[in-house]
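Letter by letter, the chains look like this.
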Amino acid sequence: MEKTEIANRKISELLTEFPFLTAFFNDNGLEIEGKEELTLPEYFATFDEDEIENRAIDAENLIFQIGEFIEQMIAFLGKDEDIVMTVTILPGTDKSGNAERFDELVIKQGEIICIVGPTGSGKSRLLGDIEWVAQSDTPTLRKILINNDVPDKKWRFSSSDKLVAQLSQNMNFVMDLSVYEFVELHAESRLVENKEIIIKRIIDKANDLAGEKFSPDTPITSLSGGQSRALMIADTAILSKSPIILIDEIENAGIDRKRALRLLISEDKIVLMATHDPILALMGNKRIVIKNGGIHKIIETTDQERTILSTLEDMDKILLAYRTKLRSGEIIEKIEGQG
Amino acid sequence: MNLVTVSGPPSSGKTSVILKTIESLKKRGLKVAVAKFDCLYTDDDILYKKAGIPVKKGLSGALCPDHYFVSNVEEITKWGVDNKFDILISESAGLCNRCSPYIKGIKAICVIDNLSGINTPKKIGPMLKSADIVVITKGDIVSQAEREVFASRVNTVNPAAAIMHINGLTGQGSFELSTLLYDEDLHIVSLKGKELRFPMPSALCSYCLGETRIGESYQMGNVRKMKLDD
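Chains as they are written, first to last, in numbering that gives the first Met the number 0: chain U, 0 to 338; chain W, 0 to 229.
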């Protein structure tokens, strides 16, 4: 919308047509109550010089920003969700300039790809390349295609369209909000319809993943590690717009990791997981081995590995059973399964 | 020479972001220097020196830091031009959230962090609202939802800015920022005649001039009272 057009309309007209402007006025600390019948230049003219200076109001810039905001929101609301069916990585080079040893890696919606390799081997750079939709313009010279096509540059700068959402063990909740308020805030920032239903779904799912249940009015900062991770995963799966989720390990405590991954996949996410935990790593469809900044190898999980995985899972269950026993104050008397 | 102004609240990660970004710029063979402005104390110049980056430090001391910045930026620019740097980055802390050191026609970056609280974007004035690029740091320690909400709040107060997420510890995202900083067709020779994007607050009261006593009879000049009657 043209700047002159915005400047010529009454605030009330703008608000009727673009209800989301309420958030703009709010966040910019502009009270418009009682002044709805003014145009924006008239509205800004009601401030005296002192107020303009005190509150650092830049009328011209604000009118420009409103125009930008309207444009972005229309684009955001009007379009269908961008569906990312596949992400393709085309090879570049490792830190020494040697070509990476694969032709192309196509990752499909609903797939879990594990990334393995020592610290500093280049896992972050790979992720950075995907997030930045590299076009041979990053240090690795890799190229990223979305749906087998050169992607839109918007993925780089837009605050609402981010390709990758991240979950790691170091993440904490820092807001002073209850679980309900927290999810509500996120839902509002995403402008979702049927907010109530989505909030309930997220809290239910999170409880489903967490070992110990929590209620919607628990403060998020007092959730346990497992509960926090469960809420983060449920929230990211259901509310985050990003089609790719990067997970940096999930601790094996207080959360059902298998169900968590299943939830992400069922929401059509692409899951990239940096992990050295054998149970997680073998749950993936493929593993990317990173060495010296480059993709060294791509391994498809073999049938034999899948069989081994189920043995590992059984062992994991045994360990978990001991945990539960210890927690409830029992005494451990024998090794399970060995009489 | 290109000039870039970076500012942001104290401890938001400006220096880390600049250091990591310069690493990428240097790999392209660009000569980068930094002018660090602070109020009472800074050690950051040592960090820059250690990284082999030419640096000038200015402490505003008893003066308003942003006024001090703008009174010195012309000379700093001349230093940069004389030394034939490709990019000069100025770093200054926005201490009162009201000022901003941005100059019309000069790239302006604001660095804020996810830990500063969800209402922070509302509280910061022109320093955030008139920046060309907003860098959000410390995303590695808060949840995805908090990152998304924070970024969307930043976007509401400055819809025109490019928003970037940078991890100051690992440098993730700093390569991407480095690609936005250098324009080889841009040659800044002097700042003379250029204008600030937004006027700094006028402040000249008895306390600016060293008054320490409290009480109405000691207050002169630009004094304003809170409204306490409701």
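Source of the hints: derived by calculation from the structure; they are not laboratory data.
Beta carbons are placed, not taken as given, at the ideal position from N, Cα and C, and that holds for glycine.
Among the hints, erroneous ones may be present.
[Claimed, not checked] In silico contact screen, one side only, chain U against chain W (beta carbon under 7 Å); selected entries:
hint: 1; residue: D26
hint: 2; residue: A58
hint: 3; residue: Q71
hint: 4; residue: A74
hint: 5; residue: S158
hint: 6; residue: S239
hint: 7; residue: H275
[What the hints assert, rightly or not] Pairs of lysine to any residue, SDA-like flavour, derived with a Cα cap of 20 Å:
hint: 8; chain 1: W; residue 1: K121; chain 2: U; residue 2: F19
hint: 9; chain 1: U; residue 1: K142; chain 2: U; residue 2: N171
hint: 10; chain 1: W; residue 1: K26; chain 2: U; residue 2: S95
hint: 11; chain 1: U; residue 1: K152; chain 2: W; residue 2: A159
hint: 12; chain 1: W; residue 1: K55; chain 2: W; residue 2: D44
**Study point:** Hints breached by this structure
**Key:** 2, 4, 7 and 9
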